[in-house]
Amino acid sequence: GNSVTQMEGPVTLSEEAFLTINCTYTATGYPSLFWYVQYPGEGLQLLLKATKADDKGSNKGFEATYRKETTSFHLEKGSVQVSDSAVYFCALTLLNNDMRFGAGTRLTVKP
Amino acid sequence: DTGVSQDPRHKITKRGQNVTFRCDPISEHNRLYWYRQTLGQGPEFLTYFQNEAQLEKSRLLSDRFSAERPKGSFSTLEIQRTEQGDSAMYLCASSLGPQTGETQYFGPGTRLLVL
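For the protein sequence lines, the chains are A and B, in the order given.
Using our numbering, you'd call the opening residue of the first sequence number 1 and step up by one each time.
Using our numbering, you'd call the opening residue of the second sequence number 1 and step up by one each time.
Derived by calculation from the structure, the hints in this document are not laboratory data.
Treat the numbers as computed from the prediction; the structure is a model and nothing was measured.
Check the hints yourself; a few may be wrong.
Just so you have them, the derived chain B footprint on chain A, three or more residues with Cβ under 8 Å [to be verified]:
hint, region
1, 44-53
2, 75-86
3, 101-107
From the derived model, a few chain A residues whose C-beta atoms are all more than 12 Å from chain B [said to hold, decoys possible]:
hint, residue
4, L19
5, F34
6, Q38
7, G61
8, T71
Note that the Cβ used here is the ideal one computed from N, Cα and C, for glycine as well.
Taking the hints into account, I'd like the entire structure generated from these sequences.
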């Protein structure tokens, strides 16, 4: 079936460190791929998305590239801040748009 | 644009009682989705509407669950005869239309605790 597997957490980094959160997918067809973020006490917010192969989504210094050959959509940021501490979810949709999420990766950034 | 709102934000009930949650999507959004999220997991799809029509239901949605969107605006999710396993966060999302890759905008959720 259609599913997303993302890097297990929690992940703890020091401020200004490089961040990678791995995400791979299994899908019949050509999914659209998303990263959502959930800050403490808040709802899910779209961080970035990509709708076709080789597209790069970017926002707030975060980037992810849709890699069809490796069925991946890894999230990266060059220099994390304390304010990036949150839970990050990778997700996909297909034609009917019901969204399939990974289990989430909790990131803690220490000053 | 006030975003997706959900009511109530928290609900505590006893096993066997019925509960109803409400979701108000972003105005002019045609699609409305319901998801369930348990602790430490990502949200799981339950059902979605295109205007007032319920187009898909997950196998997770047992017969005790029913959702409506009578006028194509707000939606309600009712759980009858609640069980402890129903304890979770219930999330609502909306999107503008059915185009592939549409962004879904999520509400803050209703946290249900069944005692």
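The hints, checked one at a time:
By the rule of at least three residues with a Cβ nearer than 8 Å to a Cβ of chain B, the coverage given for the region 44-53 of chain A holds, with 5 such residues. As drawn, the region 75-86 of chain A meets chain B at 0 residues by the rule of a beta-carbon pair under 8 Å; below three, the given contact is violated. Chain B is given as covering the region 101-107 of chain A, and this holds because 4 residues of the stretch bring a CB closer than 8 Å to a CB of that chain, at least three being needed. Chain B leaves L19 (chain A) outside its interface by the beta-carbon criterion, the shortest separation being 19 Å against a cut-off of 12 Å.
A Cβ of chain B approaches the Cβ of F34 (chain A) within 12 Å, the least distance being about 8 Å, so the stated non-interface status is violated. Taking the minimum C-beta to C-beta distance to chain B, about 9 Å, the non-interface status of Q38 (chain A) is violated against the 12 Å cut. No Cβ of chain B approaches the Cβ of G61 (chain A) within 12 Å, the least distance being about 19 Å, so the stated non-interface status holds. For T71 (chain A), the requirement that its beta carbon stay farther than 12 Å from each beta carbon of chain B is met, with the minimum near 17 Å.
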